[in-house]
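Asks: Note that our numbering numbers the sequence shown so that position 108 is 100, with each residue one more than the last.
Everything labelled a hint here was simulated from the structure, so no lab data went into it.
Even for Gly, the Cβ is constructed at its ideal location relative to N, Cα and C.
Do not take every clue at face value.
Taking CB as the label site, the calculated pair distances span [as the list claims (entries may be wrong)]:
#: 1; residue 1: 2; residue 2: 26; range: 26 to 36 Å
#: 2; residue 1: 149; residue 2: -6; range: 18 to 28 Å
#: 3; residue 1: 6; residue 2: 141; range: 16 to 26 Å
#: 4; residue 1: 157; residue 2: -7; range: 40 to 50 Å
#: 5; residue 1: 132; residue 2: 161; range: 33 to 43 Å
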Amino acid sequence: MFEHYKPLRNFLRGHDLWSGLATTYCYARYLQFGKALPEVLLTPKLRMGASNISAGLWGHLVEMLARELLINAEVRGGKRFNTAAIAFKAMSMIHTLDGKSWASHSSRSNDILLQLSRIAFKQFPWLGKLTNGELTRYHMIYGHPRVAPMIEAEFGLSSTELFQIVMLLMPRCWSARRLRWSFCDRPNPPCASRYGL
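Use the sequences and the hints to build the structure in full.
Replies: The structure is reproduced here in structure tokens:
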């Protein structure tokens, strides 16, 4: 199993963590909130208006890419992880690894329900609204010692303060069609320009 994982690990070890997280942040904003992507993160298919599925941009792969970057990317130094070619190569490697690990799993069942639950794990979280459990999970990720300084630099708040504000605003966000705040209209987050996006 480790032999299947090594190419992905080695690829990500050569890249910068912070530009990688900024890239996954832009893709997550695009998938969840329809925010425009920086030009460097567009593939030819996305540029031509193809669907996310046709372009190969899946929410679960973006989420798994963020996890793998946290585990393997360089905290200091490394090549910038700030183009569509690099991001889609890494997501393709994750997708391939998923298939290889599933195929070589010794206790894998031929039960169709097991196959369907595997598909549901990938897709269902990206089809519905956020829940309190998911927000708590994000809070724990943002509170991680490697991520917390980036959150504080970006928002001027600790991850706990940001989490409290999100929890206070959540009912309003769900009931309002659109919040009339200027930061909702920004095409790209401030961190994007810092990392070449």
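Asks: Look at each hint and say if it fits the structure.
Replies: Quick rundown of the hints versus the structure:
no. : hint                   : result
1   : 2 to 26: 26 to 36 Å    : holds (35 Å)
2   : 149 to -6: 18 to 28 Å  : violated (39 Å)
3   : 6 to 141: 16 to 26 Å   : holds (22 Å)
4   : 157 to -7: 40 to 50 Å  : holds (41 Å)
5   : 132 to 161: 33 to 43 Å : violated (19 Å)
Hint compliance for this structure: hints 2 and 5 are broken, all remaining hints hold.
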